Amino acid sequence: MHNIQLKNGQLQHLLCIEGLSRQIIDEIFVRADSFLDLKNNNVKKTDLLNGKTICNLFFENSTRTRTTFEIAAKKLSADVINLNVSTSSQSKGESILDTINNLIAMHADMFVIRHNQSGAAHFIAKNIDQNIKVVNAGDGYHSHPTQGLLDAFTIRHYKKDFKNLKIAIIGDIKHSRVARSEINALNILGVPELRVIAPQTLMPFGVKDLGVIPFDNLDHGVKDVDVIMMLRLQKERMDSALIPSQEEYFKTYGLTSKRVELANPDCIIMHPGPMNRGVEIESSVADSNKAVILPQVSFGIAIRMAVMSLLMEKK
Amino acid sequence: MRYLIKNISVFDSNSEIQTNQNIYIGKGKIENLSHNEKNIDKKCQIIDGTNKLLIPVITDLYSNLKTPGEEHRSILDQEISAAIAGGITNVCCLPSTDPVLDEPSLIKDLISKANKIFPINIKPYAAITKNLAGNQLSEMKELFDAGAIGFSQAEQPIVDTKVLLSAFEYAKTFGFTLFLRPTENYLSKNTYANESSIATRLGLKGLNRNSEIIEILKYLALSKDIGTKIHLSKISCKESLEIIEKAKNENINVTCDVSINQLLFSEQDIDGYNTNYHLTPPLRSKIDQEEIFNSIKNDVIDAISSDHCPVDLDKKMLPFEESEPGASSFETFLPLIFKVAQDHQINITKLLSKISLEPYKILNNKKYDLNTCTNIDFCLYDESLSWIPSQSSMKTSGKNIPFEYELRGRVSHTFVDGKKIYEL
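The listed protein sequences correspond, in order, to chains A and B. Positions -6 to 308 (my numbering) are the ones given, in order, by the first sequence. Positions 269 to 692 (my numbering) are the ones given, in order, by the second sequence.
Everything labelled a hint here was simulated from the structure, so no lab data went into it. In this text the structure is predicted, and so the values were computed from the model without any measurement. Accuracy of the hints is not assured; some may be wrong.
What the hints assert, rightly or not - Far from chain B, some chain A residues (derived; all Cβ distances over 12 Å):
{"id": "1", "residue": "Lys0"}
{"id": "2", "residue": "Leu29"}
{"id": "3", "residue": "Lys119"}
{"id": "4", "residue": "Ser136"}
{"id": "5", "residue": "Arg188"}
Claimed, not checked - These stretches of chain B come out as covered by chain A in the derived footprint (C-beta under 8 Å, 3 or more residues):
{"id": "6", "segment": "469 to 475"}
{"id": "7", "segment": "577 to 588"}
To be verified - When the alpha-carbon atoms are kept at most 25 Å apart in a straight line, the in silico DSS-like pairs for lysine-lysine are as follows:
{"id": "8", "chain 1": "B", "residue 1": "Lys492", "chain 2": "A", "residue 2": "Lys228"}
{"id": "9", "chain 1": "A", "residue 1": "Lys201", "chain 2": "B", "residue 2": "Lys473"}
{"id": "10", "chain 1": "B", "residue 1": "Lys457", "chain 2": "A", "residue 2": "Lys119"}
Using N, Cα and C, we set each Cβ at its ideal position, and we do this for glycine too.
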């Protein structure tokens, strides 16, 4: 695929992890480190994006991702506009490009876009003024690059490097943009053994081609892993007959403390949130000292600051 | 008007190309001139046939004219003009219009409106069921008498198998052909790409290949039992072709076609989310494509359709899954057939027969004979012309062309009933 997010090897937009070099990811991580240092030194804000306008354009509901993007932008001193498009112009029949171009006419410098259609961020980036930056905050089942990056950043924080890690991603791989972004990021970062664990109904076609080892048995899949990355199970998967019930799912694919014992003793447990306690993860596991779920959220702000400042600086 | 076409190559009724022919067209009939040059009307128009190939009766078994329904855009005018510019003289069009072609008056009206634009042979398929809803059979006999060439559900399968059984039985009663596009209702809903590693990577919802296979098996079982003649449209999977080959060997009354798009493009082309490659059925794998080429060579595939579907630019300027599927292909159909012949080492006469003589036979149950036919339809294809299809060079209302390369060869003249109705 022609990678429109890169121009002469430089990041123009962040649309997906696929096609990013190790060097770019490292650059984002180093930058995120510096923002973490700011926090540790009790500095609340930098003026890197002072005078810039960032539009959070969410065509799909989101609280957590939008909030972290908003906080990240504000910490960089940018002006932030939040638009919940599902309740505004789109419902009046305006096309997505017309909405975007109107906001550009109002001097928007960057769009953070979430859309339920795979490729939506690509579509927007391809069809707007090339000086305007686009950050994909989740498109359909395709990609959620900042989540993939923040998850990898979290692993880097706790495990130092990726060279000898065994990592398992558990849950609805088929419908998960988070899983795809995590897989892409961890492959680029050189994780030698990446496993995905799900029943066949929640496993995407040709999953091995993504560079993972599929398991349909959770006990086998988590054996000796260093990192467990959980995915949220959405209720509509039951409605579309992909799994019989939440109870059976928890019994066969829920992460319990007993199953965590099969993993490496110093393994960490991650979840992109929001969690369904008692569906994909047992409460005692989510609250255990192995869980790094809340630090993930904090790292998410640093990563988003890093991505936004990097894109705007290259402008 | 009478015409003398000099020094022309002719794709004849035996699927062979005869070179250096002089063709005289008088009273709607073709005469080879070698023996009776004296009978030529001196006022006849002379056409230089150098570098040109005469191809009779190009017959397209699958196209979408979107009429009735989009009259405000004068779409019929543009699509008929596009068909003629593509040399297509027999246009079979789908009933999935607004309103659906399920009333005899709508069939008559469409044919009459089309003929007012150009005297082309419009052959509408009528809906098998009322409003394509799959509940109640349409008045097949009345629709046939009004001009419907056959019966189709377009892209909407009949879900209720009891209704499907009735459709097969009723069609058999009158000897009608059912033109069926095999796609299973539930598996195909909300899918936009071939289910594959590529769709997985792009996050596009994939169509499981069993959608096509299951429907074909169902149709073949009914046809075998009842004896209804069926034609399967736009086959796209390797396994489907293997099943159809077996059915043909068992003498089940089945024929099939493949869309030109499946010959030219594969699922790899959707990488990058180019909505011009958003097609139904979705573009399949290279393995499927290879089997399609084999099945053309060994005649498991009887015909190649244009699958022409003009889509408004606004409906393509959307994220991939939200965009409307379809590609405009009337005008590029013939040059692309030549491109396929060249790129995949398939004999051009084999391909030409699958867009002319073979589909004609499927529709009319008889062979087309250029020499004896009294209402000849043909086009002249100029192999020396090069052109790039573009918004300005095409007549269709849809500018949704999934490629940007130069094409070699173009239709220079189109004749219907022995009369010239188009010249480039």
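Lys0(A) non-interfacial with respect to chain B [C-beta, more than 12 Å]
16 Å, holds
Report holds if the minimum CB distance from Ser136(A) to chain B is greater than 12 Å, and violated otherwise.
7 Å, violated
Verdict on chain A covering the segment 577 to 588 of chain B, criterion of 3 CB contacts below 8 Å
holds (count 5)
Lys119(A) and chain B, when compared Cβ to Cβ, separated by more than 12 Å:
8 Å, violated
Quick one: work out the minimum CB distance from Leu29(A) to chain B and report holds if it exceeds 12 Å, violated otherwise.
Given that every Cβ of chain B is farther than 12 Å from that of Leu29(A), nearest at about 30 Å, it holds.
If you draw a straight line from the CA of Lys201(A) to the CA of Lys473(B), is it 25 Å or shorter?
Answer holds: Lys201(A) to Lys473(B) is near 18 Å, not above 25 Å.
Does the claim that Arg188(A) lies off the interface hold, with its Cβ farther than 12 Å from every Cβ of chain B?
Since the minimum Cβ distance to chain B is about 17 Å, Arg188(A) lies beyond 12 Å and the statement holds.
For the segment 469 to 475 of chain B, does the count of residues with a C-beta closer than 8 Å to a C-beta of chain A reach 3?
It holds: at least three residues are needed, and the segment 469 to 475 of chain B offers 6 whose Cβ sits within less than 8 Å of chain A.
Lys492(B) and Lys228(A) were given as a pair; does the straight-line alpha-carbon distance stay at or below 25 Å?
44 Å, violated
Holds or violated: are the alpha carbons of Lys457(B) and Lys119(A) at most 25 Å from each other?
Roughly 28 Å between the alpha carbons, so the hint for Lys457(B) and Lys119(A) is violated.
Checked against the numbered hints above, the structure violates hints 3, 4, 8 and 10; every other hint is satisfied.
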